[in-house]
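Colleague: Construct all of the structure, not just a fragment, from the sequences and the given hints.
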Amino acid sequence: MTLDSIQPNVTRPPRTTRAFRRAFLTIGCAVLACASPHRANAQEAPAFQLPEKVRFNRDIRTIFSKTCFACHGPDANAREADLRLDVRGQAIAERDGARPIVPGSAEDSLAWRLIVTTDPDDQMPPPDFHTQLTAREKALIRKWIDQGAEYETHWAFIPPGKASPPKVNHTDAVRNPIDNFVIRRLETDGLGPTAATDRASLIRRASLDLTGLPPTPGEVQAFVRDPASDDDAFSKAVDHLLASPRFGEHRARYWLDAARYADTSGYQYDRTRHQWVWRDWVINAFNSNLPFDQFTIQQTAGDLLPDATDQTRLATGFHRNHPITIEGGVIDEEYRTEYVMDRVVTTTTTWLGLTFTCARCHNHKYDPIDMDDFYSFYAFFNSVPERGLNGFNPKARISSPLRPDRTVEFTERIAATEKRLSAAIKAAGGSMAAWETKLNKLVSAEAKSVKIDTLSAQGGTKLEKRDDGSVLATGPNPATQTYQIGFTLGDKPTRAIRLEALTHDSHFKKSTGRAHNGNFVLSEVKVEVAEADAGSKFKQARIASAEANYEQKGYPITQAIDGKTGRAGWAIDGNTRFADSSAVFTLKDEIAAGSRVKVSLIHSWGGSHSIGRFRISIPPDGQPPVPAGIRKILDVAAAKRSAADRNRLAGHLALRFGNAEITAISEDLKKLRSQLDAARMAIPETMVLASMPTPRETHVLVRGEYDKPDKSRPIQPNTPRALGTLPEGVPPDRLGLARWLVSRDNPLTARVTVNRFWAQLFGSGLVKTIEDFGSQGEYPSHPELLDWLAVEFMDSGWDVKSLFKTMVMSGTYRQSSKIEPALLQADPDNRLLGRAPRFRLDAETIRDSALAVSGLLDESVGGPSVFPYHPEGLWLEINNRPNYSRAYPHTTDPAQLYRRSLYTFWKRTVAPPSMATFDAPEREFCVVKRSRTNTPLQAFVMLHDPQFIEAARKLAERVIKDGGDGPDDRIRRGFELCLSRQPTESELKLLRTALNEGLQRFKRDPEAANKLLAVGQSPRDPSLDAAELAAYTTLARMLLNLSEFITKG
Amino acid sequence: MDPILESQLSVTRRRFISHAGRVGLGSAALMSLLEPKLFSASGKGVSLAENNGPGYAPGSPGPSHFAPRAKRVIYLCQSGAPSQIDTFDYKPTLEKYDGTELPGSVRMGQRLTGMTARQKSFPVAKSFLPFRQHGNSGQWISDLLPHHGRIADDICIINSTYTEAINHDPAITFFQTGHQQPGRPSLGAWASYGLGSESSDLPAYVVLLDKNTDVQAQPIYSRLWGAGFLPSNHQGVKLRAAGDPVLYLRDPSGTDATGKRKLLDDIAALNAERHKEVGDPEILTRIAAYEMAYRMQMSVPDLTDTSDEPPSTFELYGEDAKNPGTHAANCLLARRLAERGVRFIQLYHRGWDHHSNLPGRHPKIAREVDQGSAALVQDLKRRGLLDDTLIIWGGEFGRTVYKQGNPKTYGRDHHPRCFSIYLAGAGVKGGLRYGQTDDFCYNIVDRENTGVHVHDLNATILHLLGLDHERLTYFFQGRHYRVTDIHGKVVKGVLG
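For the protein sequence lines, the chains are G and Z, in the order given. If you read the first sequence in the numbering used here, its first letter stands for residue 66, the second for the next number, and so on. If you read the second sequence in the numbering used here, its first letter stands for residue 2, the second for the next number, and so on.
It is worth saying that the hints were derived from the structure and are not from the lab. Worth double-checking, as some hints may not be accurate.
Straight-line C-alpha distance at most 20 Å; calculated EDC-like pairs for lysine to aspartate or glutamate [unchecked claim]:
hint	chain 1	residue 1	chain 2	residue 2
1	G	K1054	Z	E278
2	G	K1054	G	D1030
3	Z	K277	G	E1052
4	G	K1068	G	D1030
5	Z	K212	G	E937
6	Z	K261	G	E1072
7	G	K1068	Z	D257
8	Z	K277	G	D263
9	G	K1076	Z	D245
10	G	K883	Z	E274
11	G	K870	G	D860
12	Z	K261	G	E1062
To give an idea of the interface, some chain Z residues facing chain G are shown, with a C-beta separation under 10 Å as derived from the structure [as the list claims (entries may be wrong)]:
hint	residue
13	L113
14	S223
15	H235
16	V238
17	A242
18	T286
19	A290
20	G479
Here a beta-carbon is modelled for each residue, glycine too, at the ideal position from N, C-alpha and C.
Modeller: Here's what the structure looks like:
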């Protein structure tokens, strides 16, 4: 047995044009000789039926794509014999006296002759090519040529049109137009729809599909007993499900796979990020039924919208969800390039259903996408101001739409307080002009130097009073120094003391300090005050604030009043900046006129970093200095000041000269502003898109390699040419791209989207290759239905909830899922939808269902990701490098343990293990279709994962407490909760027996019962008998392990 | 296989199964109708994955393109990258260059990592320990790995391995998946997909992580043993040294074996009854999966309990082999897995990444792996398993001949242009030295003809398993993917 392998890149001897010509000239006879018997064979073959009219798109394109296009397709570089078979004009053109395809006559078509020749040198496809034509495929090609060899543009590249629903025989099964298309197709094959399923299983199906959770027994009963008609009752039930917040969570869950969303940054160190805020945006978008076109535009270019808001910017997190490396040593541009590549692949897979990535390194071999197209698309995403290594910027603090935003409250309160303040200022308005005059006087007045009484210094340093009021230090120059200056205040009180550091010729480079390099560091300033009376004692005066006209980096003036000595302090770059500098210290309490004052200047940095010459003075009126900003406003004529400046000045005046009320309000305002800051900081920084002011240049990258830009091929942002162009008047940027993605001219977005939604309900898309709508993809099972849904979706204004309602209201959806042997044989994969699908639920839905039926589920919506049960040591075993990884934060907090699975913290290098076992992806790249396997490891999860054991115990408690008294009623209750139906007699009997046996066993072994009941963090109901609860827990484990529990049918 | 034939086969199988279910066969009887292998060859065996793999008839022993030399692979990945200059690439010429500047004519401006790109001087460092010849073949091996002297005649040392990646994450991802960026299936997943399992109670692809002893070691990640776009049942199953050997393997406390069997029988009976009602063949597959889980649960403790090993085993592997999670213990486990028919055993040892004080730090890691790796080869040989088991030993790249950082306590930076790995067992020439590097151990001599690229190595591994790397493909997103992408050639020179 050999592998059925298909490999387009297999190497084989090149067939030159010359060889092709030779084939033309020499094989004609041979082919003609064998043509007749071959035809006879084809006619005799009864194994397959051919359609009456062979259609290129439906019947021929896939055959050509897999057997011909690799060498005779769109990629000019790989083309053999200079022949294209994907373009009719070239396929039928005469060359060297023959035509590859002669419309109307296969016999005369050289391509056909090469297909049927037995000469291995000429045969097409060549005998060593990986894919050969089957007899049916050959017959189809022959018939198609005989019927005229009509080509069609690839179906997916033609904008969808809305066909009218076809007439059907099974009219009673039609609920809406979807059914016309489906039943018509079934009837073509002599089949028909299956009868509608019962109400209980229908509500279970719809609930799982729309909310990702099973219905409660109450919901089932309400629907089953609803006296309204089936249509009306179901319509009401569906509306109820669509309105549930669970709907958005469930839809978001699929979107997170496509968006490769995770809570860590991937690659080897894989540290935490905070994209959950974006995840909340998605949930909110689905719940508020944001139209899909807006959903698209905001995620692609929400930052570029003319009316962009924080929330539309948050949406662009979609394009920042890719992994980002922090591995030291990587080459920045290499990874930045990968991020852009990732965006291209994710966008084209998610919205266009195209396998764009092929054209990164070479022209696409099957679809009309060349490297220029690829890099034109790439150019849209190439101008994010980001890096490759540690490329987390740009980021923004934007609050989750699902969490209360405390900044809103503080912003409102600030606005109200500002109003109160301006009212208070206005009330004091009469004084405003006078205050301004007073302020102006302050600005123009000179500070007065104080009359010094005493001076002292350490280490023998001499302090010398000079005529200009300054003091010069000379003589010995110890490593640390404290100057003490004593003076008596004049006849006016003061709140401020000014200190100047002055240059002097004796200092290094004529600077201000005594250090060898001319600098100084003033570590601390202390002010002590005593009353004029010589007997009173000095008390320390508190310095409230300080302002300096210059601060050296790392040495702000605030360090000189922080109560600490040491190496921190105020400095002024005295080693490079040789200029006078000054600082003003504002005291908390006014110093009374005539007080005695002692100022200490402490220099403890070391290395003689003391001030060399200084002056102490009292500012005019003893008031704090007027800030530079206010002085600037004063310089402008009152009439010419801006409103903001007027307000600022008024505020300053009020604060300086105003009354107690104004001061109090100002204090409030200050407090609120800092609270607002704190609330803002509590919002995590999440990654968003931005655009560089000047876009990066984009070039075609040779072989797709970051360091091989082909400078001769500069590229402008553009859409793939085969799919149309940007709408008129739209800029060639991401916003333009976003608008094009959802324009009516785009043939793909609506189709690809409805197909993905369809697959969420039906298990498989109408186009089975959800990720590939190109010529290698599968032709739709129901092309007219796909187009009808796509157009309906666009016509509805891209209304997602309405689309889901249309799909689930169809008779097709409401059929029974029972698999009749005849139907299984006729249509094993149910591609024709002759019954409702049955398939295993996804990982998240399985866990959520267990949490729901056990009553453990915490239904709160949104917020930071959570840490439910997790096997010990799983994170550390792959990375225990300090500072790069951390142990899984195990918790007993119920708010973390029982949330829906989409909130589970997703670490890319160790995806949540029980979900990974059920085929959840690692989220390292875009996934639009999960595998659906059935493995023994899944049995381990369902049987042994503590979460499922605990859920079984809680389910058992529920069943005992509200299931009635007898075992039968309780078993029935368990069935209602888990399976939304009643047990059969034999099921009941089996479970009753099992229950009894379990009860006996646990009565014999109470310790075993206690052990089983100890699994999980939730408390056990102490009122229940341990043996009984353990027996029911075992029963509940059986229910949770039934195939039916994890299957949607 | 012809897709139509495949589809007909699939229909036949389903019909058969649904018929069996309808007439009410017991679960034991159903079992015999179903896939007997734990993890089948394709997505369609134990899976309802809508995938389009080759779709072998389930239960087949695994189709090969040609006669395989290796039935199984044990890959001893040395993560972090050992220095070839100090292990397997004997460079006596470096004695005279030691401490001198690496000539620019050798380096030729090739790209360096961000860690040494701005280094001003590139002084050469010779091997810090002497090399010695071993065995009949006279293979040169550094004293860093003394136990390897004993297997010198069994291993084929490839000195001419090279890669394109210069940092750990892309480099190890490249080796293990054939692509530097995440997204492709791992080599073991390809083997599982291509050949299926030979074991009825263990997975086809098992992963062992040696306990990490170096806090600065490079992390590893589950993508290295992931299934990529292949059906996820082909991903590697980690066998853990601590906790449950396989995640969620153990029964909850308070339950016993009798209760467990009863529970499974009851679940199977209920499932079978439901199958009668709704006719879904997938229910039968699930019954089978639960049975297989039961068998696996029984067999894993037997696998990991090495108390049945004779003293000679621990003489060979060393006392470390009694300590779960050491390299020696995992090598012993690898042998036990090989004996039980596991197809692909992937082991990781971390801690070789020494950018500083390499002469001080390399010996510690070497001591951790030396005896276990060598013992595994000897052990397989004496049990006759080496003939059809392929061993691969190597890191994701090599290390530079020039010193990184302080010349006294130097480290060596990443070096992708040439490094050494070795192969042993099935169909590989023992005692052979393949490929040659230049006097500075910086470039490969005649890379065109004797260089072994990552893709070449992977092509060779598949070849030994009986798979043609150009024909082992998976159709995904419109094209047929291979582990070797569009590259790779089998290294015929190493084959016996």
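Colleague: Confirm or reject each hint.
Modeller: Hint by hint, here is what the structure shows:
Proposed proximity of K1054 of chain G and E278 of chain Z is supported: the alpha carbons are some 17 Å apart, at most 20 Å. Note on K1054 of chain G and D1030 of chain G: the hinted pairing holds, with a Cα-Cα distance of about 17 Å set against a maximum of 20 Å. Distance check on the hinted pair: K277 of chain Z and E1052 of chain G sit about 13 Å apart at the alpha-carbon level, within 20 Å; holds. Between the alpha carbons of K1068 of chain G and D1030 of chain G the distance comes to roughly 19 Å, so the proposed pair stays at or under 20 Å and holds.
With a CA separation close to 14 Å, the supplied pair K212 of chain Z and E937 of chain G stays within the 20 Å bound. Of the supplied pair hints, the one linking K261 of chain Z and E1072 of chain G holds, its CA atoms being roughly 17 Å apart against a limit of 20 Å. A C-alpha spacing of about 15 Å is found between K1068 of chain G and D257 of chain Z, which places the hinted pair at or below 20 Å, so the restraint holds. The hinted pair formed by K277 of chain Z and D263 of chain G meets the criterion: a straight-line CA distance of about 18 Å does not exceed 20 Å.
Between K1076 of chain G and D245 of chain Z the CA atoms are separated by roughly 18 Å; this keeps the pair inside 20 Å, and the hint holds. At roughly 14 Å between alpha-carbon atoms, K883 of chain G and E274 of chain Z fall within 20 Å of each other, so this suggested pair holds. Taking the CA atoms of K870 of chain G and D860 of chain G, the gap is about 15 Å. The hint holds against a cut of 20 Å. Proposed proximity of K261 of chain Z and E1062 of chain G is supported: the alpha carbons are some 13 Å apart, at most 20 Å.
With a least beta-carbon distance of about 9 Å to chain G, the hint placing L113 of chain Z at the interface is held under the 10 Å criterion. Evaluation of the S223 of chain Z hint against chain G yields a held restraint, the C-beta minimum of about 6 Å falling below 10 Å. With its C-beta approaching chain G no nearer than about 9 Å, H235 of chain Z sits inside the 10 Å limit, and its interface hint holds. Residue-level restraint check for V238 of chain Z holds (minimum Cβ-Cβ distance to chain G is 7 Å; threshold 10 Å).
The beta carbon of A242 of chain Z is positioned within 10 Å of a beta carbon in chain G (closest approach about 8 Å), and the interface hint is therefore held. A distance limit of 10 Å between C-beta atoms decides the matter here; for T286 of chain Z the minimum to chain G is near 5 Å, and the interface restraint holds. About 5 Å separates the beta-carbon of A290 of chain Z from the nearest beta-carbon of chain G, less than 10 Å, and the hint is met. With a least beta-carbon distance of about 4 Å to chain G, the hint placing G479 of chain Z at the interface is held under the 10 Å criterion.
Going through the hint list in order, the structure satisfies each hint without exception.
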